[in-house]
Amino acid sequence: MFAQLVVSGLAIGSLYGLVGLSLVLVYIAVENVNFAQGEMAMITTFIAFTLIKTLGVNYWLAVPITLLAALIFGVVFETVVIKPVANADHTTVIIVTLGVYVAMHSLAGLIWGHEVYKFPAPVTSEAFTVAGIAVSPVHLFALGVAMIVSLILYFFFKRTDVGIAIRASASDKVSARLMGISPRFVSVFAWGLGSVLGSLAALTIAPISFLDTNMMMSFFLKAMAAAILGGITSMPGALIGGLILGVTENLVGGYISSGFKDSFAFVVIILILLIKPTGLFSAPGQRSV
Amino acid sequence: MSILTKLLRFKASTWISLAVVVFALIYPQVAATNYTVYILNLVGIYFIAALGLNVLAGTTKQMSMAQAAFMAIGAYTSTILASKLLLPFWLSIPAGMLFAAFIGFLIAIPTLKLGGMHLAIATLGFMMLVSKITDALPITKGPTGLYVPSAKLGSFVLRGDRMLIYVIIIVAVIALIAANNFMKSRTGRVLTALGDNEVAAKAVGINVYKEKIVAFTICSAYGGLSGGLFAILLGYIAPDNFNLFVSIQFLAMVVVGGMGKISGAFVGAVILTILPEGLRGMKELKDIIYGVLMVLMLFVAPGGLVRIPMQIKNWQAKRKSRKAGDVQAAMQYGKVDKS
Chain E
1 MFAQLVVSGL AIGSLYGLVG LSLVLVYIAV ENVNFAQGEM AMITTFIAFT
51 LIKTLGVNYW LAVPITLLAA LIFGVVFETV VIKPVANADH TTVIIVTLGV
101 YVAMHSLAGL IWGHEVYKFP APVTSEAFTV AGIAVSPVHL FALGVAMIVS
151 LILYFFFKRT DVGIAIRASA SDKVSARLMG ISPRFVSVFA WGLGSVLGSL
201 AALTIAPISF LDTNMMMSFF LKAMAAAILG GITSMPGALI GGLILGVTEN
251 LVGGYISSGF KDSFAFVVII LILLIKPTGL FSAPGQRSV
Chain Z
1 MSILTKLLRF KASTWISLAV VVFALIYPQV AATNYTVYIL NLVGIYFIAA
51 LGLNVLAGTT KQMSMAQAAF MAIGAYTSTI LASKLLLPFW LSIPAGMLFA
101 AFIGFLIAIP TLKLGGMHLA IATLGFMMLV SKITDALPIT KGPTGLYVPS
151 AKLGSFVLRG DRMLIYVIII VAVIALIAAN NFMKSRTGRV LTALGDNEVA
201 AKAVGINVYK EKIVAFTICS AYGGLSGGLF AILLGYIAPD NFNLFVSIQF
251 LAMVVVGGMG KISGAFVGAV ILTILPEGLR GMKELKDIIY GVLMVLMLFV
301 APGGLVRIPM QIKNWQAKRK SRKAGDVQAA MQYGKVDKS
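Top line first, the protein sequences correspond to chains E and Z.
So for the first sequence, my numbering puts the first residue at 1; every next one is plus one.
So for the second sequence, my numbering puts the first residue at 1; every next one is plus one.
Think of the hints as simulated: they come from the structure by calculation, not from any bench.
Predicted, not measured: the structure shown is a model, and the values here were computed from it.
Treat the hints with caution; some may be incorrect.
[Stated by the list, open to error] Okay, the calculated beta carbon distance ranges per label pair:
hint	chain 1	residue 1	chain 2	residue 2	range
1	Z	Val-292	E	Pro-64	28 to 38 Å
2	Z	Ala-200	E	Ser-175	37 to 47 Å
3	Z	Ala-324	E	Thr-160	42 to 52 Å
Even glycine gets a Cβ: it sits at the ideal position worked out from N, Cα and C.
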């Protein structure tokens with residue numbers, strides 16, 4: 001049972017990590033958490049669903065369209081909602097993203113109703129057994145997506161000019177500006193990319209957890225736990241945090257009590273913020289004066 | 001001095017407050033439907049919760065997303081004490097408030113060492129934890145809900161919202177006076193200084209950490225108090241009465257009304273309680289409007305509704321100075337003479 005729990009925990013955990021990645025990305029660039037990230041991703045997933053089921057578009061065509069929609073969504077979101085309050089304090093930005101969270105959640109309910117739908121997956125959902133452990137292809141797919149995305153992001157941020165520019169801006173906005181890196185570009189890019197990542201994660205999650213307006217809510221909170229666990233400024237941290245969270249959550253559910261399983265992520269949030277607020281993998285933070 | 005001149009010396013805000021109190025005292029007796037009185041009760045309760053948040057967010061600029069959690073703690077504690085130990089409401093509700101304050105104190109100690117964003121997330125985590133716990137604990141009867149014994153004064157039962165409102169008014173007024181005194185007291189002013197500039201506050205020797213804990217404890221106490229009253233109003237509580245959206249609602253009230261000003265908490269509570277109830281028919285649209293309103297308010301009036309007069313004054317002053325600057329520049333270049 002232990003091995004089974006670990007394996008499925010890794011699969012779910014990679015999804016937490018993927019969503020967590022989008023949160024960390026936005027945080028790195030603009031030092032703010034997007035509380036509406038989950039809901040935005042949920043809406044793009046519904047768009048994909050409408051494309052595939054109602055309009056009969058092929059899955060592999062619908063996905064890029066959805067991701068493009070997510071990109072536009074993120075950019076528009078940044079321009080309309082974030083830019084006006086970009087210089088205000090954290091509180092204001094939090095409230096703004098919370099307002100969007102509430103509005104989008106209900107908007108989705110208004111457009112698509114509250115039924116639960118089954119979302120198509122590119123692989124079958126029948127599990128096969130490997131060495132006595134049931135493995136679902138959908139979970140493997142999720143793990144695969146997470147790994148590929150992380151690799152791409154790694155190369156992007158370490159090797160490309162744009163990626164390095166963004167990291168520079170996050171590290172020291174003023175100096176970056178002096179070097180010609182536009183903070184507007186960084187902000188727009190981060191929100192856009194974050195939105196795409198979130199959408200990709202939701203598309204991967206939907207076949208596993210079914211599609212309804214509430215699908216992202218608990219996922220989002222657990223992704224936040226994963227990001228905090230790994231360190232909100234560390235992208236690999238978010239992934240590893242997600243994996244750790246997924247596995248430990250499963251183990252707690254299996255060995256202690258399944259009722260407690262859901263609350264575990266929140267306990268993790270509180271514990272990590274108490275013990276090591278900067279997370280497991282980030283450098284000790286400096287507080288700017 | 002004639003009486004009229006003496007009366008006219010009072011500020012507009014005093015008159016408004018007086019009008020509000022008179023309205024609140026009379027209306028329950030003459031109101032046509034019980035529903036409107038229920039709304040009035042709700043406004044009073046939400047006002048108390050928003051007041052607590054106002055003390056915290058307004059002074060220290062820190063956010064608590066857990067106000068609904070403290071409301072739940074107050075509500076459940078008060079109800080359980082009333083039904084199991086047969087405590088009367090005027091004992092069980094304060095007990096609930098104190099317990100909520102205690103929990104708030106415990107939570108504050110570790111989490112207030114963190115910065116604004118981290119505190120928000122920590123309170124979010126706590127909020128969800130309390131949500132799950134109230135669902136799971138046998139004593140709270142989870143989603144099936146808990147019956148709340150009605151409020152009794154001796155053998156006199158406070159039947160209905162039209163009587164409960166007076167209790168709420170009294171409590172709200174006391175809470176308001178307490179909050180006002182607190183904000184004006186040394187600690188209150190220290191906290192406001194904190195919100196403005198934490199480093200400067202530290203530099204003059206204010207124990208930032210300790211004062212923040214005081215603010216958070218007060219905030220959670222008010223949350224617990226409103227919870228106890230809420231339980232009596234509803235007569236029946238379930239974990240879903242105290243979910244994340246409720247917490248967000250309180251934040252919206254403080255921000256839309258005006259952070260840091262007690263009148264702001266009141267205006268916010270009134271508007272954001274009455275508006276959703278008025279929009280009740282269009283279920284989904286109600287929340288959408290709510291969210292959009294939150295965002296728009298911050299764009300249009302970042303200081304909140306009650307600061308709009310000041311905002312207008314500032315804007316007018318800016319216009320005037322800009323105009324004067326233009327005239328000056330024109331004079332410099334010899335286009336206009338000194339008219």
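We went through each hint and held it up to the structure:
1. The hinted range of 28 to 38 Å is satisfied by Z:Val-292 and E:Pro-64, whose Cβ atoms lie roughly 30 Å apart.
2. A C-beta distance of roughly 26 Å is found between Z:Ala-200 and E:Ser-175, which places it outside the suggested range of 37 to 47 Å.
3. The hinted range of 42 to 52 Å is satisfied by Z:Ala-324 and E:Thr-160, whose Cβ atoms lie roughly 51 Å apart.
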